[in-house]
Amino acid sequence: MILKTVKNAEEAVADISNGAMLMMGGFGLSGIPENCIAALLKKEVRDLTIVSNNAGVDDFGIGLFLQKRMVKKMISSYVGENDEFERQLLSGELEVELVPQGTLAERIRAGGAGIPAFFTPAGVGTEVAEGKEIREFNGKLYLMETGLTADFALVKAWKGDTAGNLIFKGTARNFNPMMATAGKITIAEVEELVPVGSLDPNAIHTPGIYVQRIFQGEKYEKRIEQRTVTA
Amino acid sequence: MILKTVKNAEEAVADISNGAMLMMGGFGLSGIPENCIAALLKKEVRDLTIVSNNAGVDDFGIGLFLQKRMVKKMISSYVGENDEFERQLLSGELEVELVPQGTLAERIRAGGAGIPAFFTPAGVGTEVAEGKEIREFNGKLYLMETGLTADFALVKAWKGDTAGNLIFKGTARNFNPMMATAGKITIAEVEELVPVGSLDPNAIHTPGIYVQRIFQGEKYEKRIEQRTVTA
Amino acid sequence: MLTKEQIAKRIAREVEHGQYINLGIGIPTLVANYIPSHLDVVLQSENGLLGIGPFPKEADVDPDLINAGKQTISMLPGSAIFDSAQSFAMIRGGHVHLTILGAMEVSEHGDIANWKIPGKMVKGMGGAMDLVASAKHIIVAMQHCSKDGQSKLLPTCSLPLTGIRCVKKIVTDLAVLEIDPAGGFVLLERAPGITVEEIKSKTAGKLIIKGEIPEMTFD
Amino acid sequence: MLTKEQIAKRIAREVEHGQYINLGIGIPTLVANYIPSHLDVVLQSENGLLGIGPFPKEADVDPDLINAGKQTISMLPGSAIFDSAQSFAMIRGGHVHLTILGAMEVSEHGDIANWKIPGKMVKGMGGAMDLVASAKHIIVAMQHCSKDGQSKLLPTCSLPLTGIRCVKKIVTDLAVLEIDPAGGFVLLERAPGITVEEIKSKTAGKLIIKGEIPEMTFD
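These protein sequence lines are chains L, Y, Z and A, in that order. With positions in the first sequence counted from 1, the corresponding number in the working numbering is that position plus 203. With positions in the second sequence counted from 1, the corresponding number in the working numbering is that position plus 203. Residue -6 in the working numbering sits at position 10 of the third sequence; the count goes up by one each step and never skips. Residue 44 in the working numbering sits at position 60 of the fourth sequence; the count goes up by one each step and never skips.
Warning: the hint list may mix true and false statements.
Taking lysine-lysine and the BS3-like style, the derived pairs with C-alpha atoms no more than 25 angstroms apart in a straight line are [said to hold, decoys possible]:
hint, chain 1, residue 1, chain 2, residue 2
1, L, K275, Z, K152
2, A, K104, Y, K343
3, Y, K425, A, K107
4, Z, K107, L, K275
5, A, K186, Y, K275
6, L, K387, A, K152
7, Y, K335, A, K100
8, Y, K343, A, K153
9, L, K343, Y, K335
10, Z, K41, L, K343
11, A, K41, Y, K372
12, L, K425, Z, K41
Keep in mind that the hints were calculated from the coordinates and are not lab data.
Chain L with its partners taken away, still in its complex shape (with noise of 0.2 angstroms):
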């Protein structure tokens, strides 16, 4: 096997710099690379395009990115718990690109997989579909969509082996497996690294070869958004 392990998260992001696009999982703050995030904000990285189905609250995860101006552009689903972004958007300061939640994990997967380019009917009909390819197939129309790749994929997994194989935990999978395939270079943050053998091949989400460099995190704060519960 090859063997992916670094020392932690500075280790990981030593060499993402400035102007970098990243992918970064999570749904909400849901299985969102907290360490990674943690190492960014100490690098204070710059001009940084994020893909990303949220940008998470005012003062956890991307949110964060958000408050020291680190980011250019945003690509993402749905944005609205987030003030701060809601501001920096509508001011003009963030570049952002909305794309509908499933293109955006269709298009993650495509880049991952080598292919360049689909057709969803997401969006026919709506500005979303403006300067993109419409075309009819049996009688319905749908728009074209590319595949996309970023420079860095940052993904947050539960468990994970030292060849880089990854099992996610509930809905914290969400985004992560698919960016794990688009990155250039995948960095994988686990809650716990595990010697190569301990983990079932039959059960692995994410098989190593995606990723690149993976590092057991610390101190996973997991904050809730909406804590709901039944009496």
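Let chain L serve as the given structure and place chains Y, Z and A on it in line with the hints.
Below, chains Y, Z and A without anything else, positioned relative to chain L:
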């Protein structure tokens, strides 16, 4: 949960009739739906269009359909292990569409995922590209392929629950998960059928939403094509 | 006028046995509470879960288990977890039978707008564009009028669209309506105590009234 | 003339540390036996496995564990299993670094034909078209001439193509050659006892000979 259990293979394939288009899981003889194949052989349905990576061997798997002349057309990537197949093909008795294996896998996935078409580099400059749209993306040529669905998908899993959730074993997974998504009716036969709640939700390969009928198969032969061993 | 709970309760009557259903944020989420227990249905959350259960007990709260509204949830036996690409493969591929979602505006041709108010509010479309472009049956849950009294049932939408010719049915605080394939809101039911005249006056788009319009009843 | 094992042995020298590699059926499969143990590489099988191990002991034979040649195999620690769509996502997406496969013909521009002889043999392309259209580095293992003595290194292929301008290197029983980007087979090494003259006479395509051509050595 929505329960999908049927009694056996006979009940599962009861409404498959002449002229149907079927997808059948498996790579070589590994992971093929043996019980459904036996039930269809008994029914002697004819004029089938079959999507399957391979065509079985002369006396097992889909090869048995060919012996009985039940097949009108095969859509496959490799049919080299079957002499009767090659004979019917060269003599023109059998219609065949040969598709690159990755393109076949992706066409099936696309069909199940509501993607009517996508671009792939496989086959550019070859006879596979004849009549297809060629387009350049980022300096490389790609051809457009279309999504594929079928009237029925027949898949074979290791374990399944009564809600249709499936787990495959080893390389018997192969084409089964994509085909499960692309059948208007998907029939899953499993080695072990367990009650809802017995499988780890985090380890499901095929979510039950894709499966309309499930039953526990019997007497799996699992014939080996090339028994290679180390002394 | 129906309460939010009553809108959810009324929509729950549209649910059929054996359906896989995606519930949007807000009133649609409440629908889950009113689906009759003799119907076997499965709720899909587009962030990657089939088999959403009730909100968890405090002790069972798991930050790694949320719905698309980022609320903590539980899983029912028989659940399956998957990634976002697989989730939208299900949606786009037509495997999810019913989508229930909110809207800012619906047009008499079934167009829907629910993601953007230019210059004012930009939250993003999330999964809504994929859902409305894909589901076989789409029901909108919303107030009949905006807070400043403007009808949200219009000849054409004024806000940026989420999808075109996709909405099949609308349940508001005043009425149940369905979209006529030729255009127009067909009035099916009135909320208790609401007259046809009132609905007519609060519907800016073409309202189609055929025969007597029954009043909804709730136990 | 190299034996099949020697062809495999020579190709194994092309393998680099850290590579993910797909080995085709036949001679390419033998390459696995000769990869130096100090190199960490991972073998991919396109039917859905990363981490192919040696053939199993008789007692460990598992019909649910085969390679793309339908041979029973074992898995190494750290393996991962996946479906065919994921497998070709890896291949098409350029995550597999090196592909080694057989051929019936190779042209001096790197075109390859290996799946069909019109009217005679139709086995299908399997995964070969995806592999040659995608891998960054492609090495062909084959005999220099066909059984009836015809050169398989041609100006242009006569058989239906598998892919165009994709082959980088060729190892035959007579020589190691690489494709010149401008066209032509650049002769790199001779098999023990084989003269440049013989290779020249058995290469129908343009052969490029620069300086002294070293003879391969095997321990």
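Results of checking the hints against the structure:
For the given pair, K275 (chain L) sits about 40 angstroms from K152 (chain Z) by alpha-carbon distance, which is inconsistent with the 25 angstroms threshold. A hinted pair counts as satisfied when its Cα atoms are at most 25 angstroms apart, and K104 (chain A) with K343 (chain Y) does not qualify at roughly 33 angstroms. With a C-alpha separation of about 23 angstroms, the suggested pair K425 (chain Y) and K107 (chain A) falls inside the 25 angstroms cut-off, and the hint holds. Annotation: proposed proximity of K107 (chain Z) to K275 (chain L) holds, straight-line Cα distance about 18 angstroms (limit 25 angstroms).
Using a Cα cut-off of 25 angstroms, the hinted pair K186 (chain A) and K275 (chain Y) is violated, with the two alpha carbons roughly 44 angstroms apart. Simply put, K387 (chain L) and K152 (chain A) have alpha-carbon atoms about 23 angstroms apart, close enough for the 25 angstroms limit, and the pair holds. With a C-alpha separation of about 20 angstroms, the suggested pairing of K335 (chain Y) with K100 (chain A) holds against the 25 angstroms cut-off. At most 25 angstroms may separate the alpha-carbon atoms for a hinted pair to count; K343 (chain Y) and K153 (chain A) meet this at roughly 21 angstroms.
The hinted pair formed by K343 (chain L) and K335 (chain Y) meets the criterion: a straight-line CA distance of about 20 angstroms does not exceed 25 angstroms. Between K41 (chain Z) and K343 (chain L) the alpha-carbon distance is near 45 angstroms, which puts this suggested pair outside the 25 angstroms criterion. The suggested pairing of K41 (chain A) with K372 (chain Y) holds, with an alpha-carbon distance near 19 angstroms, which does not exceed 25 angstroms. At roughly 18 angstroms between alpha-carbon atoms, K425 (chain L) and K41 (chain Z) fall within 25 angstroms of each other, so this suggested pair holds.
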